[in-house]
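Participant: Let the hints inform the model, and build the full structure from the sequences given.
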Amino acid sequence: MKSFTYERASTPAAAAAAASRRRGTKFIAGGTNLLDLMKLEIETPLHLIDVNGLALDKIEPMPDGGLRIGALVRNTDLAADQRVRQDYAVLSRALVAGASGQLRNKATTAGNLLQRTRCPYFYDTNQPCNKRQPGSGCAAIGGFSRSLAVIGASETCIATHPSDMAVAMRVLDATVETVRPDGETRRIPLADFYRLPAGTPHLETVLENGELITSVALPKPPGGRHVYHKVRDRASYAFALVSVALILQPDGDGRVALGGVAPRPWRVEAAEAELPHGAKAVAAALLAGAKPTEENAFKLPLTERTLGAALIEARA
Amino acid sequence: MPRSNESYPGEPEIKSVTEFAMTRRRLLLGTAATIALTSVQTAARAQSDTAGDPTILKVTFTVNGAARQLTLDTRTTLLDALREHLSLTGPKKGCDHGQCGACTVIVNGRRINACLSLAVMHEGDSITTIEGLGTPQTLHPMQAAFVKHDGYQCGYCTPGQICSAVAVLGEIKAGIPSHVTTDLAAQPAINDAEIRERMSGNICRCGAYSNILEAITEVAGREA
Numbered sequence: 001m002k003s004f005t006y007e008r009a010s011t012p013a014a015a016a017a018a019a020s021r022r023r024g025t026k027f028i029a030g031g032t033n034l035l036d037l038m039k040l041e042i043e044t045p046l047h048l049i050d051v052n053g054l055a056l057d058k059i060e061p062m063p064d065g066g067l068r069i070g071a072l073v074r075n076t077d078l079a080a081d082q083r084v085r086q087d088y089a090v091l092s093r094a095l096v097a098g099a100s101g102q103l104r105n106k107a108t109t110a111g112n113l114l115q116r117t118r119c120p121y122f123y124d125t126n127q128p129c130n131k132r133q134p135g136s137g138c139a140a141i142g143g144f145s146r147s148l149a150v151i152g153a154s155e156t157c158i159a160t161h162p163s164d165m166a167v168a169m170r171v172l173d174a175t176v177e178t179v180r181p182d183g184e185t186r187r188i189p190l191a192d193f194y195r196l197p198a199g200t201p202h203l204e205t206v207l208e209n210g211e212l213i214t215s216v217a218l219p220k221p222p223g224g225r226h227v228y229h230k231v232r233d234r235a236s237y238a239f240a241l242v243s244v245a246l247i248l249q250p251d252g253d254g255r256v257a258l259g260g261v262a263p264r265p266w267r268v269e270a271a272e273a274e275l276p277h278g279a280k281a282v283a284a285a286l287l288a289g290a291k292p293t294e295e296n297a298f299k300l301p302l303t304e305r306t307l308g309a310a311l312i313e314a315r316a
Numbered sequence: 317m318p319r320s321n322e323s324y325p326g327e328p329e330i331k332s333v334t335e336f337a338m339t340r341r342r343l344l345l346g347t348a349a350t351i352a353l354t355s356v357q358t359a360a361r362a363q364s365d366t367a368g369d370p371t372i373l374k375v376t377f378t379v380n381g382a383a384r385q386l387t388l389d390t391r392t393t394l395l396d397a398l399r400e401h402l403s404l405t406g407p408k409k410g411c412d413h414g415q416c417g418a419c420t421v422i423v424n425g426r427r428i429n430a431c432l433s434l435a436v437m438h439e440g441d442s443i444t445t446i447e448g449l450g451t452p453q454t455l456h457p458m459q460a461a462f463v464k465h466d467g468y469q470c471g472y473c474t475p476g477q478i479c480s481a482v483a484v485l486g487e488i489k490a491g492i493p494s495h496v497t498t499d500l501a502a503q504p505a506i507n508d509a510e511i512r513e514r515m516s517g518n519i520c521r522c523g524a525y526s527n528i529l530e531a532i533t534e535v536a537g538r539e540a
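Chains as they are written, first to last, in the numbering used here: chain A, 1 to 316; chain B, 317 to 540.
No lab work stands behind these hints, which were simulated from the structure alone. Here the structure is a predicted model, which means the values were calculated and not measured. Hints are supplied without guarantee of correctness; some may be wrong.
[As the list claims (entries may be wrong)] With a Cα cut of at most 25 Å, we get these calculated DSS-like pairs of lysine-lysine:
1) A/2 - B/489
2) A/2 - A/26
3) B/409 - A/39
Facilitator: See the structure below:
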């Protein structure tokens, strides 16, 4: 691990300002992804700002009937919150489908959104990777691509976003709330938060230099049946090959997003009109234009079947 | 060729099993020191391409009930602080990337991977390692159950398994749901599926899982 200096943040705005002033600064909260990457020298910050002391660990009701989740709320606490279990069950289900108990006790809401891909070539510093080293190439294309993206990827990167939580938040129409180095705050719909890789896969979100996530806001409870169905290589503690976040209303309308198939939580609102027509129609609309590799083409039929299973569960 | 009871030049003469154990202990500590020295040298090399000297900070926390103050390189993980600076070698370094759970300790009542946490981020925290759960004379009920049910083979993952298991029963009692919890509105059950799922962050390369499950189930039953 490269050496780094360390400070504890006093306020969110001061943390953002400090991060923008100093080259090579990273925020650290749970650290479960950042430290892993620092040990491998994939991340090499010169300075860490520890944000754990900021009072961003509350889950609070909002005037519009929604819920504001502090950036530092741990994954365990978010999954266990009574309001989340009752009104946003898809979020609880997605959280407990990810990582291990130890990791969920440390991992934070904002950190979960900002975790990096688990593409094996991003992790292997002997291999070219446009995300890790812009312009170096992509060893995943034509390589071992079984776990990688089938849609939304580009000719420079086929990495997936690994989060389960973000898929549920996408289907819940969550909004990311931030503070910028000048002290101004802004609200970014999660739909606009992640960039697709195009020619710049190292730029993963629309966050600006120094900008700090302070909370994630959920609109008022959407009602309906909530299902998070995750398919993976092991029964527990593995990243998704395909996952489905589904909210189904009694009249057959609903919302659906996919994990494990794209560089961001994959939601196509137009596909939701197909929900009354069944999994095949929804999957076809969600994955229209998919460009799988030979190794991960199985994700297309797997998506349809996972959707089918989720629909059965939601209608049960 | 020297006979087996002869000493090599420079090797301490060992007169008893107790002394052998002591010598082995010193040898292991010596090895650890050598590794630590190597790390310092590696760190020194790393400086040339970061243009930054190692940053040294003080941190104070409580370990197994005792206040400890350490002066550490910011890069020191909680696991390395416990093992290399406080000689608490119960928490094990398995993968060092949060994948195996051998380093599991309990911080402020919650189990975490000590390898994925910086020591300087634990100012004021209360840390419990396997050494703080029980002693050979007064085993924690979970330690006693692992012994009774033979919940290990090589034993390397065991301290992490036991710390995790103690915390798992607390998590179920606190009503924290898991991936296999059927009803999110209900109190999670204590059954095989729940325990297996909740223990999935602790890998046992020897495959002692069924005996680990029996040990945890017994303690859970006793507590219920």
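Participant: Please flag the earlier hints that this structure goes against, numbers listed from lowest up.
Facilitator: Number 1 - this is the single hint that the structure violates.
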